[in-house]
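**Student:** Chain by chain, the residues run as shown.
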Amino acid sequence: DAGITQSPRHKVTETGTPVTLRCHQTENHRYMYWYRQDPGHGLRLIHYSYGVKDTDKGEVSDGYSVSRSKTEDFLLTLESATSSQTSVYFCAISEIGAVDNEQFFGPGTRLTVL
Amino acid sequence: LAKTTQPISMDSYEGQEVNITCSHNNIATNDYITWYQQFPSQGPRFIIQGYKTKVTNEVASLFIPADRKSSTLSLPRVSLSDTAVYYCLVGGQTGGFKTIFGAGTRLFVKA
Chain Y
1 DAGITQSPRH KVTETGTPVT LRCHQTENHR YMYWYRQDPG HGLRLIHYSY
51 GVKDTDKGEV SDGYSVSRSK TEDFLLTLES ATSSQTSVYF CAISEIGAVD
101 NEQFFGPGTR LTVL
Chain C
1 LAKTTQPISM DSYEGQEVNI TCSHNNIATN DYITWYQQFP SQGPRFIIQG
51 YKTKVTNEVA SLFIPADRKS STLSLPRVSL SDTAVYYCLV GGQTGGFKTI
101 FGAGTRLFVK A
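These protein sequence lines are chains Y and C, in that order. Sequential numbering of the first sequence, starting at 1, is according to the working numbering. Sequential numbering of the second sequence, starting at 1, is according to the working numbering.
Any given hint might turn out to be false.
Claimed, not checked - The list that follows gives simulated cross-link-like pairs (lysine-lysine, DSSO-like), each with its CA atoms no further than 30 Å apart:
1. C:K3 / C:K54
2. C:K54 / C:K69
3. C:K52 / C:K3
4. Y:K57 / C:K54
5. Y:K57 / C:K3
6. C:K3 / C:K69
Bear in mind the hints are in silico, worked out from the structure with no lab data behind them.
Just chain Y, same shape as in the assembly (with noise of 0.2 Å):
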């Protein structure tokens, strides 16, 4: 399996606090991901990563932001939660190669904002 974590797993917060989960890879891809996945919706897109410094918005960004200072690390922040952001997130990573985008997915971060 690609070398990528999530932390925390799972974590419970209350409404209007900052969040932040964080993406670890081993791999060095240059590509990083930030997904969400809620009942009825599949997974969407949320921000990506090109490289490092460079970002860009998916179809479900507002309310949320997101850092990459150094290859391994994407950081995805939601600075005031709420209750319609309990879901389940996704880091996942892909590499120009053989494969046009394959992407490689972490094991995802169980969020509650209550």
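Fit chain C to the known structure of chain Y by using the hints.
**Tutor:** Here is chain C on its own, set in the frame of chain Y:
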């Protein structure tokens, strides 16, 4: 990015061949077709990718007609462990690596 449409769910029995079809009418010339598998409480896992005609690996086959407006994932002789959600994606490098997964097809394999 091209949108995909696939059945919400499918049922099958062990030992049968399962075919899941995905439509992508607006596929672009440079787009690839990729399928992922997701088990409960896990992230998706890449199964197969193709551009045209047929691709086969140790897990599945992917059939793509000449017009590329649809594709069919074929799982030979499914087992209970193939119960999962299967996602069809269309895109690639030209899409800036933005990826739309959609809701996927929930396959349930019965004994």
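**Student:** Compare the structure with the hints numbered earlier in the document and write down the numbers of the violated ones, lowest to highest.
**Tutor:** 4
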